[in-house]
Amino acid sequence: MKTLTGKDLAAAIRAQTQAEAAAGVQPRLAVVVATADEASLWYVRSIAKAAAGLGIACDVVDLGPDAAPDQIAETLARLSAAPDVHGVMLQTPLPPGASAQQLAAAIDPRKDVDGANPLSLGRLAAGLPAFPPATAAAVMALLDHYEVPLEGRRAVVVGRSTVVGKPLAHLLLDRHATVTVAHSRTRDLASVTARAEVLVAAAGRAGLIGRDHVAPGAVVIDVGTNPTDDGGLTGDVDATAVADVAAALTPVPGGVGPVTTALLLRHTARAANLP
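In our numbering, the protein residues as written are 1 to 275.
Just so you know, these hints were derived from the structure itself, not from any lab. Note that beta-carbon positions come from the ideal geometry of N, C-alpha and C, so glycine has one too. Hints may be right or wrong, so weigh each one.
Stated by the list, open to error - Simulated restraints, written as ranges between beta carbons of each label pair:
id	residue 1	residue 2	range
1	Ala77	Ala243	45 to 51 Å
2	Glu38	Ala190	33 to 39 Å
3	Asp8	Asp66	41 to 47 Å
My request is simple: use the sequences and hints to build the entire structure.
This is how it looks when you write it as structure tokens:
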């Protein structure tokens, strides 16, 4: 089984982004945070560190875990209106009673570098220009990097979130794949996924995909990032179980994750140069 790591691809994207950032106005990303979740805060710090290395300014706006939805919405709207801010991102989780989808509607679609605004998803579905969610874009970038053919192939996406599953289905359809979206209520999940030539696991359930879920020779992309008891991460795919049946698999960590962060910053650099 071939391991589809994201390290080299992420490095190439970062190099391209650094060149784009240096060629024009300095891009600026604003990340709005309203949580005390340490894993989430670690991710935001990693984004800020990566941005600094590429010449992209990154402002972390921490509203605290008790922030009211109105306060979060007003902050997103203010940042969207700021001429020196080119990308706006709302980090989850959010305080109780706050809806990520409703709040993301306050982000200007031209600055919605992580594709969170429902308008961005609608434009994506209609084939119009929009920034896709960085994770969904990372899956496509990995498939292209490893020259996985998509036209006419059977692709199954397990998960229907607006962050990965739904936008990824549209991106795959745009590449002429035949797409099935499965989810937690899909009956006999293995019978659906075992028909896939390209299988994407994005349900957020550790070890959900085992040997019986994978067709011989399938390419498997594992988007899962489930915390383990020892402080590590594990994916939605049981890598050991599928090793003798899948043709290729992305590792967790080290697969989709590095590419996601790299693409988020590339979206920011490109948003800074929109006419």
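Does the Cβ pair Asp8, Asp66 satisfy 41 to 47 Å? Holds, since Asp8 and Asp66 (Cβ atoms, about 42 Å apart) stay within the stated range.
Please check whether Glu38 and Ala190 have a Cβ separation lying inside 33 to 39 Å. holds (35 Å)
Take a look at whether the Cβ-Cβ distance between Ala77 and Ala243 falls inside 45 to 51 Å. holds (48 Å)
Consistency note: the structure conflicts with none of the earlier hints.
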